[in-house]
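Visitor: Order-wise, the sequence lines are chains B and A.
Positions 1 to 203 (this note's numbering) are the ones given, in order, by the first sequence.
Positions 204 to 1397 (this note's numbering) are the ones given, in order, by the second sequence.
Errors might be hidden in some of the hints.
Stated by the list, open to error - If you want the ones that stay clear, here's a sample from chain B, every Cβ over 12 Å from chain A, calculated:
#, residue
1, Gly16
2, Glu79
3, Val168
4, Gln169
Unchecked claim - Reference excerpt, derived from the structure (chain B facing chain A, CB under 8 Å, subset only):
#, residue
5, Gly70
6, Met108
7, Glu113
8, Lys188
The set of hints was computed from the structure by calculation and includes no laboratory data.
Every residue gets a Cβ at the ideal spot worked out from N, C-alpha and C, and that includes glycine.
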Amino acid sequence: MTSSDQPSRILVVGVGGQGVLVAARVIGNGARFAGLAVHVGQIHGMSQRGGSVESTIVIGENHTSFIGPGEADVVLGFEPLETLRALNRMNENTRVIINTQPVNLTTMSFRGESYPPIEDIVARISKVTPHIALVDALPIAREAGQPRCMNVVMLGVLDGLGRLPYEVQYLEQATEHQSPPAFVDMNKRALRLGQGFAQKEGA
Amino acid sequence: MMDTTNNQSLDPLLIPDAGHREFLLGNDAIIRGALEAGVGFASGYPGTPSSEITDGFARLSKTCGIDFEYSVNEKIAIEMAFAASLAGTRSIVAMKHLGLMYGGDPLTTIPYIGTVGGMVIVSAGDPSCLTSPNEQDQRQVAQMLHIPMFDPGTPQEALELTRYAFELSERVQLPVILRPMTRVCHVRAEVTYGALKEQVRSGFVRDPGRFVPIPANARRLRVEVDNRLDIARAMLIESGVLRRRGTGRTMIVAVGVPAATTTDLLRSMGLEEQVSLMSLGATWPLPEDWLVEQLRGADRVLVVEELLPFIEDALLAITALHKIDVEILGKRSGHLPSRFEYMPATIQSGIHAALGLGNPPIEGPEPEELPIRPPVLCASCPHRSAFFAARAAFDDDVLYFNDIGCYTLGFGPPLQTADALLCMGAGFTLAAGVSKTSGERTVGFMGDSTFFHSGMPALLNAIKEDANIVAVVMDNEVTAMTGFQESPSIEIERGRIERRVDIAGVVRALGCEHVEVVDPDDLAATTAAFRRAKEASGVSTIITSRPCTVFYRRLCGEQPAKAVEDSPEQPGAKIYQIDHARCQNCGRGSCGQRCSQSTQPSFERAMTRARSAETGENKKETPEIAPCAEACPLELCVQGYSAHIASGNYAGALELIMERLPLPDSVCRVCHKPCEKSCVRLRIDDAVGINDLKRFVMDWAGEQDEFPYSPPVEDEHGRKIAVVGAGPAGLAAAHDLRLRGYGVTVFDAGDEPGGLLLTGIPRYRLPLKSLRADVARIEALGVRFESKRRLGEDFQLSGLLDDFDAVCLATGAGIAAQLGLSGDGPIVSDALGYLARSRTGDRRPEDRRPEDSRPEDRRPEDSRPGDSRPGDSGTQSETQRRVLVIGGGNSAIDSARTAMRLGAERVVIVCLERLDEMPAIRGEITEAEREGIEILPRTKVLSLQSDGAVLAKVAPRIEGSLDPADFEVVGSAAGGSAVVGSDVGVFEADQVIVAIGQRPDRDALEAAGVQDCWKDRVVAADPRTGATSLPRVFAAGDLVPGDLSVTGAIAQGMRAAWGIDSSLRGDEVASQRMPPPEVTGEAPAGRPGVILRDAKGRCFPPELDHSARKDNFDEVAGVFSEAQARAEAERCMICGQCGNCRACLDLFGCPAFFVDDSNRIQIDEQLCVGCGVCAQFCPNGAIRPADETGGEEA
């Protein structure tokens, strides 16, 4: 674990369209509401068209949002293969949370390959860190209202596992702040269901 | 969750309170900084990572009185901002680094004239080319043009530097370039506001001595520029834009984002006391005196700046000039790289290596090698449709030049529409330039926004120079790549897109004569437009017009209307699904053969196929099995081997043919071609020359050093089979049994294997070497042949059953049917005997048998073709001067043409059928006529008389029957002289050849032990297995009822092999190799009535000249040249489904397609938005609206 005066580094990875950037922004806003300094970095543009997307969140006194090799405290993976792609940023203490629902790669489809088994992906990550939580977030998101709130479910799991350096109320506040009025209730539900999942799993 | 912040009454950027803190992107912080400077005008051209700046101003301009425009390009954006400045308004203009170069011209003179209102140019940098085709260091441009440059490292700095830049600009009358990097633009951090400032618009005040830089003025102003820079230097020191923290004599000088990163690193490395940090918020102009002062207090200096060693070189120069004894480290000392962005680890290793401080950075776990997940064109993107149609029209025949925008993504597989890419607007220019120097017609692509940006002059230039190009403007009505900014072609209002500038009108006004506007989602129409452009010359402009689906949905809340509806009953399907009953299913469910090959549809062929369905009478009635395959007794995959031939893969074609055809060299010459009669193309122009294609492949294979195909043979399992008869059925059965691991012995009465192929088909159709090639390959598999062994004479059935596990009888039909004609006069022969005895050229002269004698020595009913017992006479002497042939089948034609070759002067065929009903192969009839043979249809021989035959005109009493008794005479002229021209009368003949059919020799077979299994004249056998009522005895070929063709006999032989295997080893093993099913009739008529918009005529192989056909049996039909074969193969329309089709994946590449765990192609229901374009071309017709397939099984 990093010492308390070191910033907390959370890496959110996924595929364009999954809500990676929005989720990162919610985590960042939560930190603000909790009175913490925060920087959120993102690379977008080409990545929006179904490509790999990542966002980095550095909470604590800092001036940039980089997460270098071995530096991530948490990797919040919205997609299994994209989570594996972030392996270089993990260390033996990194907490990895993976949404197990794959998004197929066109580069594989063109070659007639099918997606690798999720067990293989987990096995490769577990060689670096044992702290892996698997979440099938899609059914939970459906239960909350819509598949698209998968990202909020994942935030709930992140919080439920106690990996945010601030109280849950700030995450709730940030979620509400970020939600269009029509989706506030659904997103709150998604957040709670995610938290509930994490507590039930007790991971 | 959607990316919208809770609606607040006030835009966060407009909150007036100084000290307010807001969570802002760097780009938003820049806007706020400008607002705090009282900016009144903003312009720009979007480009990642700068786009949110223009987007923000676009939003704010509606509420806070700022004038804003998305200019059509950066040059104009800069000029607009400068004009605003001249008019006394503070102005800002935003673009990415590439845009600064495009807009460079006005920048060169602006410092001379000088600004009036403060002017800031934002030029976002992108080290590491994260979203750009290059990285560049704009600081040298600033130096070259005498423009101050600011380098923020964080969003807070971005705000403050922007605000201050206006102040400095207005004070020194120079514009300021702000250079935020991606890691500032796209970092979100808490930012503290200053106060908002009111706009000042002082208005334009004339000052021609300054504002008009004619040379005389320019020289004066040049001096002024230096004065302005001097003031700027002084201001930079006072302002704190350049600052030093700490007093350590070890110093780091850092710029921009690396300065922020270094601040964090020094803290985490515990070096804050030891190392002082000089952060340069501005990098030009550098205040030399201030730097000298700082450097004198240092021992060694590490310069941390991305890209070029700009500051480093300045410091090296200063220390040299001022003789300061300090070590300047950085890129030139090899401690830091001069390319790509600096990650913390880069800087940490630089500090460690150059200064010997701290630890090197940790490396982290080894990254995994994973398939990349690049961005792709969205599901339903109209650009994909346009590229697909272009490929369908041009395929690989042209070079494609692409441009900057979403459509750049067309470069990757499968669309591959970017052979080169340069910069905005160069798509047309590159196309024109390459065309000019190579002479080839080329294709250039660009989007609507790029067209207006810089494509218009490029197109004008091409038109002026009469370039030979196809210019494609892909108008999706928005600048999509950078986040949906408006393009000049449209105006975006709430929920509405209004057309403003008509691209087609512009193109016509530029002087282009060939202009077409198409909806790309109508693949057929778009392909047709591209084809017309392909055939044209000069500049053709195709405008593919359809709004970006993603933007349209966002703006209007619904899908744009479809270009092509699936059917009137099913309009507006929401999503599509794969119908797995059709997808990757060749439709030949009964055959069960594992086909390893795909029909390799190209874009063009997929479209041809799609259009055949689209323009069909009933487009839903897409055939599952191609009509040709359905009509073929062997179910050969014609579309498969045609596709292989079209693509030059002859070995693939050979494999597809020989997997199901054991006698290919013979069949490609003698087949009756039911496939060509069912060819869909027959009703368009002409059938595909299917058998000629097969012939081409076989001749190609024969020319290879080693025959390129050998079938898989199962290991021997010790079971033995006797096959009796080496005709097509027996050979096929032997072949297939051998492949199934049986020991096979073929007993045959003839001189050598071949049966009817040997004795019944003349050599000018089937040369002996071709038949022998087929037989040799079967022999090479390990089949034993025992020739000159006749059942009933040399062995009995019971003996075979003692020695073998099963027997397959394929002795054929050796007894010719008789007409009962008698009387003195012409010699009467039956066709089988005649043809058998006329095997001229088979044997070398010394092989001729001395005992051969005249045919009259034998009773006609005894005639058995192919044996060489005394009584046969394969000589020319049998053929007489005037020959009458009776019959309408192939034997009749063969006999007639043989007689012509053997010296007959006149040959006439009479038959009961109408000409178009004759069962003989159509081409053979034509050839016969061309060789001078006369045919008298609907004619019967009433009797023979001394000088010939009495002919009568007949009509059928019973339609469809061919029994002579069912015909009545409708005209005759008994007696009198021959009047052949009028069809009736006496035909003077010396010889009559009867060719009206044959039957098995039941008497002989019964005598040999084949008893109690007869039904009428043939052996009763299960048509599926060939099993007879006798245990372990199977039968095939003409001995059993059914198809009398060569291919039909082969199919029966293959079914008997399966039947035998199935009875001996069980269904499960046997069925791993299934025979073709019985053909129940010709393929049904009424299959798609296809209209092809560009029919290509059939190719015909060369043939032996008519004049050279007398007195020899040289093969008549020649073979395609390679070019002919490929052209002919391309005429195949792939009418049937394909078991290995991957057209959607291989040709279209929509991200909604994927391959699931069971290797099935699927459509992702989350990604499909229901554009239905894939359903327009799916060659299997397997893509359907989701509610039509009745849902997906689990």
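Visitor: Against each hint, give a clear statement of whether it holds in the structure.
Guide: How the hints compare with the structure:
1. Gly16: violated (7 Å)
2. Glu79: Per Cβ check, B:Glu79 is inside 12 Å of chain A; nearest 9 Å; violated.
3. Val168: holds (17 Å)
4. Gln169: It holds; B:Gln169 is separated from chain A by about 17 Å at its closest Cβ, greater than 12 Å.
5. Gly70: holds (4 Å)
6. Met108: OK, holds: B:Met108 within 8 Å of chain A, min 5 Å.
7. Glu113: The hint holds - B:Glu113 has a Cβ within 8 Å of chain A, the shortest such distance being about 7 Å.
8. Lys188: violated (11 Å)
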